[in-house]
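Chain residues, written in single-letter form:
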Amino acid sequence: MRALSFSAVNSIASAASPEPRRSDVVLDVRELRKIYGTTTVVDGFSFAIPRGECYALLGPNGAGKTTTLRCCLGLVEPDGGAIELLGEPVPQRAREARVRVGVVPQLDNLDPDFTVAENLLVYGRYFGLPDALIRERIPALLDFASLAHKKDAWIGELSGGMKRRLTLARALVNDPELVFMDEPTTGLDPQARHLIWERLKQLLARGKTIVLTTHFMDEAERLANRLAVIDRGAKIAEGAPRELIRAHIEAHVVEVFGDGATQWAEGIDRNLVSRLEVSGETAFCYAVDPAPILRDLEGRPNLRYLHRPANLEDLFLKLTGREMRDEA
Amino acid sequence: MSSIQQSSSQAQARAPEAPRPHAVLYAAPRPSRRFIPVWRRNYLVWRKYLFERILSNIIEPLITLVAFGYGLGSLLPDVGGASYLQFLASGSICMSVMYSAKFESLWGAYSRMDTQKTWAAIMNTPSSIDDIVLGEVAWAGTKALITGVAMLIVIWALGVGRSPLSLLALPVLLLSGLAFSAMALIVNSMARGYDTLSNYFVVVVTPMVFLSGVFFPLEQLPAWLAAIARWLPLAAMVDAVRPLILGRLPEHLAGDLALLVAYGAACYYTALVLTRRRLLK
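Keeping their order, the protein sequence lines are chains A and B.
FYI, the working numbering numbers position 279 of the first sequence as 279, with every residue one higher than the one before it.
FYI, the working numbering numbers position 228 of the second sequence as 556, with every residue one higher than the one before it.
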């Protein structure tokens, strides 16, 4: 399954040009800076997203992802830098830009006073759309969210996955060119996540641009054409997921854990591994050829290990010296 | 694609300087027609419980008037040339209208802002925080007016007052509802939880009711307290509405209206700034 998804992402990634042409850029952020009190939450962050791309902001909680999104939407006044969203300068003309943007917020804020269909109707009105047009769009939106059978259900009756799908459908009510998604699958079970991912791929296939924040490596690897790894408000790496990994990390990783894993790591023949990182109870052995390490581990029944291809978490660990799942 | 490039360069050409954060916070209100969907959202929720709401709008004043007006009132002499029932009815219509606006802009607005994050959802659309605050004030004013109309129907039905002049009270009720809503939204913007709202009610709203001539004339208060009380918005409202309900023209109508407009405008702007400060970060 994993290998399958890699190849799918690779094929999308190779289609995207690394340096977007200026005219194609739908979101252009230059030297963005935001300071709360004495804390610099966003620290000179720049990126440009061409039309049709899925771009992920990948980083641990507190890295500045949500603040960056809120700046892009004109909801937070930056302390420095420039933002252009769909050709409009933000925050000066953020309202005009938001007409053509959809947002899936981190926490569901569906309107509990309404049914599923009413949520779409009421939300469409905030965009100034006439009722007739919204009602015309509702059936397709409900189909997209697989919620046609729940049309008249109250929000409280929906499962977490259904709420997320409705939030996604709601973000599409104005037929946006660009959709911001702030941790779209956080808190969902694996099945619900896969359903959301499948829907996001449908949107990309329709030519929508997606800006995604996530702290899930696999989500970024599956969906993003390009991603920025951010830590403490600054971009520490950017590129297509597989290319980033190839550029920075050895192809193979052997994770060793269990009793005595750290002692084993201290005593290991350093010629076997090209790089060794110990994080918590786990030793991460990076190698071009993992066979000698695996042979060594065969004879040690107390140690458990996992041999896997290198991923974005390894990249993050290498660049920051910390694991992604750590709170910043 | 080329059209996008074009519109992009145009946007850059006319783009004003990025305003400083303080300028955004204290900017003059920017009303737009986009407040209407916010109003409609609240109206749609209200309409779902139409029967219950209308019933409570009629029954509550009916109980007050029957219990206090007929019961207590029969023991009391006339007040200022009217029966106590008439005095009370023309005062408590003001109280009910104020309560209606306050409740909507305290518990209702706070739920939408904080608990349900409805405002946060709206702010992701072209509707802005200014539209939300205006829509909330407009809705609370509407709801207060509906309460007032229901109460007026009760007053007419009981024969307490049937002057055509009482129709002139309706615009005053609406204006007062808007002003009271704006005041409540200031509290809402600073609230740390539902307790803040209850405290405001106990410390500010309830005392104001007793000091504004709803249940007894201001003249009954010590002179110094009466002098202060005349500046209360509810006192101004009662002073304008009571004569109209009882079929007379108010003596200080212009002054009363000016006071209500001043309160409303000042509170609306303050509520807007404080709500921006709370949510735009």
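If you are wondering where the hints come from, they were derived from the structure by calculation, not from laboratory data.
We put the beta carbon where it would ideally sit given N, CA and C, even for glycine.
A hint or two may mislead.
For the chain B half of the interface with chain A, some residues (derived, Cβ under 8 angstroms), not all of them [claimed, not checked]:
| hint | residue |
| --- | --- |
| 1 | P359 |
| 2 | R362 |
| 3 | L372 |
| 4 | R375 |
| 5 | S384 |
| 6 | M451 |
| 7 | T453 |
| 8 | Q548 |
| 9 | A551 |
Cross-check of the supplied hints:
Proximity of P359 (chain B) to chain A is violated relative to the hint, the smallest CB-CB distance being about 13 angstroms (cut-off 8 angstroms). Hint status for R362 (chain B): holds, given a least beta-carbon distance of 7 angstroms to chain A, under 8 angstroms. At its closest, the beta carbon of L372 (chain B) sits 7 angstroms from a beta carbon of chain A; the interface hint therefore holds under the 8 angstroms criterion. Hint status for R375 (chain B) relative to chain A: violated, with the closest Cβ pair at about 11 angstroms, above 8 angstroms.
For S384 (chain B), the interface hint is violated, the least distance from its beta-carbon to any beta-carbon of chain A being 18 angstroms, above 8 angstroms. Interface hint status for M451 (chain B): upheld, as the beta-carbon distance to the closest one in chain A is roughly 6 angstroms, under 8 angstroms. Checking T453 (chain B) against chain A by beta carbon gives a least distance of about 4 angstroms; that is within 8 angstroms, so the hint holds. About 44 angstroms separates the beta-carbon of Q548 (chain B) from the nearest beta-carbon of chain A, more than 8 angstroms, and the hint is not met.
The criterion of a C-beta within 8 angstroms of any C-beta in chain A is not met by A551 (chain B), whose closest approach is roughly 49 angstroms, and the hint is violated.
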